[in-house]
Amino acid sequence: MFLSCCTNPGNDTGSELKETGKSPAAAPAPSLPSQEMSGVSTGVPQTAQAVSAAPGSVAVPAVQAVQAAHAAEEAGIGPRDFVFQVHSATLNRSFAKFGWMDPYAIISADDKEVSRTKPDKSAHKKPSWERKHDFKQGSLPNNIMIAVWDKNNFHRDVFCGAVTVPCSATMGSLEQKDFTLTKKGKPTGVVKLTLKALDPATGAVAPPAPEMAAAKTLGGEVDQIVGFAEGKTDVQVTLQEHPNHPTHEGEQPEADPEPAVEEPPKPAAAGGDAGPIMGTWKCIDTFGLEDFLKASGVGVFQRKIALAAKWPGWDFTNQGETILFINHSAIGDLKEEIPLGKDYDWKDGHKNPFTCKAEWIPSAEGGCLKISRKGTVGDYVEERTVKGNKLEFVLTHSNGVRWGRTFEKE
463 MFLSCCTNPG NDTGSELKET GKSPAAAPAP SLPSQEMSGV STGVPQTAQA VSAAPGSVAV
523 PAVQAVQAAH AAEEAGIGPR DFVFQVHSAT LNRSFAKFGW MDPYAIISAD DKEVSRTKPD
583 KSAHKKPSWE RKHDFKQGSL PNNIMIAVWD KNNFHRDVFC GAVTVPCSAT MGSLEQKDFT
643 LTKKGKPTGV VKLTLKALDP ATGAVAPPAP EMAAAKTLGG EVDQIVGFAE GKTDVQVTLQ
703 EHPNHPTHEG EQPEADPEPA VEEPPKPAAA GGDAGPIMGT WKCIDTFGLE DFLKASGVGV
763 FQRKIALAAK WPGWDFTNQG ETILFINHSA IGDLKEEIPL GKDYDWKDGH KNPFTCKAEW
823 IPSAEGGCLK ISRKGTVGDY VEERTVKGNK LEFVLTHSNG VRWGRTFEKE
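Under the working numbering, the sequence shown has 852 at position 390, and the numbering climbs by one with no breaks.
Simulated from the structure, these hints should not be mistaken for laboratory data.
Wrong hints could be hidden among the right ones.
Said to hold, decoys possible - Below, computed lysine-lysine pairings styled on DSS-like, alpha-carbon distance capped at 27 Å: (1) K756 / K639; (2) K744 / K658; (3) K559 / K613; (4) K694 / K639; (5) K574 / K588; (6) K849 / K832; (7) K598 / K613; (8) K836 / K813; (9) K819 / K852; (10) K594 / K658; (11) K809 / K756; (12) K654 / K613; (13) K852 / K871; (14) K574 / K613; (15) K756 / K588.
Predicted model only: the values in this text are computed from it and were never measured.
Full structure from sequences and hints, please.
The following block contains the structure:
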């Protein structure tokens, strides 16, 4: 859970809103869900969690411990001012039943509304706002939420999507970066943001922490997620929905959604010796990622983004001589054809080449798909162990650090 704290609202350029948290008179205030932990992960090992939590959630003490560790790291950096600007958005579809949309954005810092744009009249799916907000006197928030709504004078405003972005004194500057908006867990568009951590003494962009440059290869989609946070890639990263992500309860009916693309039926989950891993798997937990990234030299802000990234779903399909692995990740679908028992070539998110070898190790409860990856930037081993309807993934780097996820068969 992202914890609320008191912040200095700072200066809002051109804001017409003075009462925090209230919607314009013509529209009731958007409702917020209860404070729950659904889908928010720290990547803390399960053994370190002080209180048990439901699948897909993390106990509050574990979250507090990670946030305290981040704060301790940032304390030595000194205070930072923070400049935030919401430029525009591009929505995937219309949320209005009739006519053109008049979208506006609500900006919240640590669960407290600090700014609201004017509706962009008839902008429909491509609103532009150019709203800037300054946080002074070292009042850098833990996170920023941007929620996009369609203004309506006749009924409740319609929620179009939101994103919560972690902030850090080590984040440097992200200029006009696209962040994915989501509603009900599904992407609905992107919002273009600028975020800057400034040295209050000079007003200049504070340099990112030097440890950022130490990261090499991290495995899977994590390479590209960290690259996104470093501003080195334009790949889109979908972040988890914050516990205070706006709800859609009480809204008027939306426009009919775009028709879903029908997927061809999946082949039967046979798979020969590797049959137990075939099928669809849903991630219900992530563990050890914080420690793994820190040991790999990844900075605080990049770790926050990686921990906030949406958890993946996995598909394994038998293709005869190979296993087709589709990782429905926070950066989109990643596909890999895995032959068993022989070497094959593969590239990570930074396009670094690896020589890989996969083997299936059967067991009475299921089995383990073990993939060894060796490259000039580092070596690591991925193990996906199936026990009944549970799958545990563990990635072990050559430096000895490891992290993993737990999946449940759908």
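Each hint, compared with the structure:
Distance check on the hinted pair: K756 and K639 sit about 24 Å apart at the alpha-carbon level, within 27 Å; holds. A distance of roughly 35 Å separates the Cα atoms of K744 and K658; the hinted pair therefore is violated under the 27 Å criterion. Straight-line distance between C-alpha atoms of K559 and K613 comes to about 12 Å, which keeps the hinted pair within the 27 Å bound. Between K694 and K639 the alpha-carbon distance is near 11 Å, which keeps this suggested pair within the 27 Å criterion.
Simply put, K574 and K588 have alpha-carbon atoms about 26 Å apart, close enough for the 27 Å limit, and the pair holds. For the suggested pair K849 and K832, the alpha carbons sit about 14 Å apart, so the restraint of at most 27 Å is met. Under the criterion of a C-alpha separation no larger than 27 Å, the hint pairing K598 with K613 is inconsistent with the structure, at around 31 Å. For the proposed pair K836 and K813, the alpha carbon gap of about 14 Å is at most 27 Å, so the pair holds.
Straight-line distance between C-alpha atoms of K819 and K852 comes to about 24 Å, which keeps the hinted pair within the 27 Å bound. Between K594 and K658, the direct Cα distance comes to roughly 11 Å. Compliance with the 27 Å bound is thereby established for this hinted pair. In summary, the hint linking K809 to K756 is supported, as the alpha carbons are separated by about 23 Å, within the 27 Å threshold. Note on K654 and K613: the hinted pairing holds, with a Cα-Cα distance of about 20 Å set against a maximum of 27 Å.
With a C-alpha separation of about 6 Å, the suggested pairing of K852 with K871 holds against the 27 Å cut-off. Under the criterion of a C-alpha separation no larger than 27 Å, the hint pairing K574 with K613 is consistent with the structure, at around 21 Å. Taken as a hint, the K756 and K588 pair is broken in the structure, with Cα atoms around 38 Å apart against an allowance of 27 Å.
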